[in-house]
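Asks: Those protein sequences? They're chains A and B, same order as listed. Quick note: to get the working numbering, add 1154 to the position in the first sequence (first position is 1). Quick note: to get the working numbering, add 1154 to the position in the second sequence (first position is 1).
If you are wondering where the hints come from, they were derived from the structure by calculation, not from laboratory data. The model shown is predicted, which means the values in this text are computed figures rather than measured ones. One should not assume that every hint holds.
One copy or two, it doesn't matter: identical chains are merged, so the pair holds either way.
[Claimed, not checked] Heads up, simulated SDA-like pairs for lysine to any residue below, C-alpha to C-alpha not over 25 Å straight-line: (1) 1298 / 1229; (2) 1447 / 1372; (3) 1354 / 1394; (4) 1354 / 1400; (5) 1447 / 1377; (6) 1354 / 1255; (7) 1257 / 1350; (8) 1354 / 1417.
Residues per chain are reported as follows:
2 protein chains.
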Amino acid sequence: MKIAVQGLGRMGMQIARKLAEHQEHDVIVLNRSAGPVQEAVEYGAVAAQSKEDAIQKFGNEKVVVWLMLPADITDAQVDEWLTLVPKGSILINGGNSDYRLTKVLAEKVHAAGSSLLDIGTSGGVWGYQNGFCMMVGGDYQSFKITEPVLQALTAPEGAYHHFGESGSGHFVKMVHNGIEYSMMQALAEGYHVLKEGPYKNLDLAAAGTVWQHHSVITSWLNELAAAALNESPQLENIDGYVAENGEGRWTLETAQEYGIPAPALQAALDTRAASRDGNINFSTKLLAAIRNKFGGHSLNGEGRE
Amino acid sequence: MKIAVQGLGRMGMQIARKLAEHQEHDVIVLNRSAGPVQEAVEYGAVAAQSKEDAIQKFGNEKVVVWLMLPADITDAQVDEWLTLVPKGSILINGGNSDYRLTKVLAEKVHAAGSSLLDIGTSGGVWGYQNGFCMMVGGDYQSFKITEPVLQALTAPEGAYHHFGESGSGHFVKMVHNGIEYSMMQALAEGYHVLKEGPYKNLDLAAAGTVWQHHSVITSWLNELAAAALNESPQLENIDGYVAENGEGRWTLETAQEYGIPAPALQAALDTRAASRDGNINFSTKLLAAIRNKFGGHSLNGEGRE
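Generate the whole structure from the sequences, applying the supplied hints.
Replies: The following block contains the structure:
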């Protein structure tokens, strides 16, 4: 099938590339700056100069557009597409938007005669290689139309799922990130105890490596922790400021709204907030180091997880 | 090499079996009750009727004994062995003892002319099949003598490590369990939000399955959570009482002693304690269900993790 991808950041580029290299799909790409468009063209994508150009490349018929943009500009971009696309088009918000806003936006798209799918995506910088996992919300018919694209992007057997009405894909992704924050916190606290407890000069990377061999805590996050500690046992060059993108906080807000206790998530958020106030220790350094490993995040800046 | 295994519970039996089936090792087994001894003999082990009998089967020379016993009887059993074994013997405490007590016990064994290794072991009920991972503390020479046995029990490449002086193996295993408590708590809170948040009847097992495909939270614990939810989406037959074996609490005590913040671990322990006071919800049911999956724990009782 034919699909446009707008937003060739870290994740968007991988999605465009994986689809462009798949022989059953044609990919049209749009991006604010020209460099990434050129890169995507090298992978086999077709460049569009504008939304109008992209729509023309669909033969002025119904379009399917995958938006992979920061949450704060996604809604305005959807609005622009809505003024241009033929009715019956499908817009996909593949970014990390707040599911509460996704529901509102979907109603607006629906009122204009098209459809909005929300697709939460995880897989970090390794998704291109291993396949992403994808959490889909929105109307079932649009999901079925886009399913061949999901199959091309994900690993076999169960790596994508349509969870239900609009917002549910972003909701499941949001909870994933909430769990991620807490799991990282668990690891960071543990390694901190290893480092500053009674046994001095313990080999932390060796502990992480042993734990990756069929222990109960075997996990991708621990693998990344072990890799970070192997490269830099003292995490010397990491200042331990831990950013966040909102998803953990939204998860906690939802928990509070529905009366669900989430004390470990609260602890993870508090630790990150305190790190930004200068409460830096070995655990916050490790959080920053792990975060950098999975997302290509800047060690001390913003990014997507 | 020749080794005796005392204590054929869940973990001890798998260790004895894996070694007995390994052609380079001879295994002598001891157990309070006769049934497990008979089972181990079927795997190729040799039954000993008593400690004296076991020592005779070593030709009355130095022995290597792997004790896989509950922490509260291990010390007394070590004392008994000490009165019987030739000097230069190696006793291995493979159970989950408090590292602070392990250090004291090791001094006593050393004073009697033998050596005590502490080996923390993880791998749950799957260790026999996949190989265990093992965290070793104690004198280096005894570690090197027993290394062929560790190689037989663990997966290739980095699944065991000698961390240092006496107690360090149990210490690293203790921290592993502390991380495990918090990681499970992270998952349990997240699934609780999925279940009781804004989207009713979300397929929780499908979420867990998607997350197992290269998401950031891919982990053995999430795999077990997904499996539990797949079998019983409402966790109907689980009453949500979550036991613990002390290791999480010891980790927190150590953190406090050394001034290391561990708020997520505190949250996990508090949740378990509250569950035993009757504060049961979907998250505590999931904790109990995961725990049962990895350890063969009774759903509401005690066990080893």
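Asks: Give a verdict on every hint.
Replies: These are the hints, each one checked on the structure:
1. For the identical chains of this complex, residue 1298 and residue 1229 are intra-copy neighbours only, at 24 Å inside a copy versus 63 Å across copies, given an alpha-carbon limit of 25 Å.
2. Taking CA atoms no more than 25 Å apart as the test, residue 1447 paired with residue 1372 passes in both settings, with 17 Å inside one copy and 15 Å between copies.
3. For the identical chains of this complex, residue 1354 and residue 1394 are intra-copy neighbours only, at 22 Å inside a copy versus 39 Å across copies, given an alpha-carbon limit of 25 Å.
4. For the identical chains of this complex, residue 1354 and residue 1400 are inter-copy neighbours only, at 23 Å across copies versus 37 Å inside a copy, given an alpha-carbon limit of 25 Å.
5. In this homomeric assembly, residue 1447 and residue 1377 come within 25 Å of each other (Cα to Cα) both inside a single copy, at 10 Å, and across copies, at 22 Å.
6. Proximity of residue 1354 and residue 1255 under a CA criterion of 25 Å is satisfied inter-copy only: 18 Å between copies versus 50 Å inside one chain copy.
7. In this homomeric assembly, residue 1257 and residue 1350 come within 25 Å of each other (Cα to Cα) only across copies, at 18 Å, whereas the closest approach inside a single copy is 47 Å.
8. In the homo-oligomer, the alpha carbons of residue 1354 and residue 1417 lie at most 25 Å apart only across protomers (23 Å), although the nearest pairing inside one protomer, at 31 Å, exceeds that limit.
Violated hints: none; the structure is consistent with every hint.
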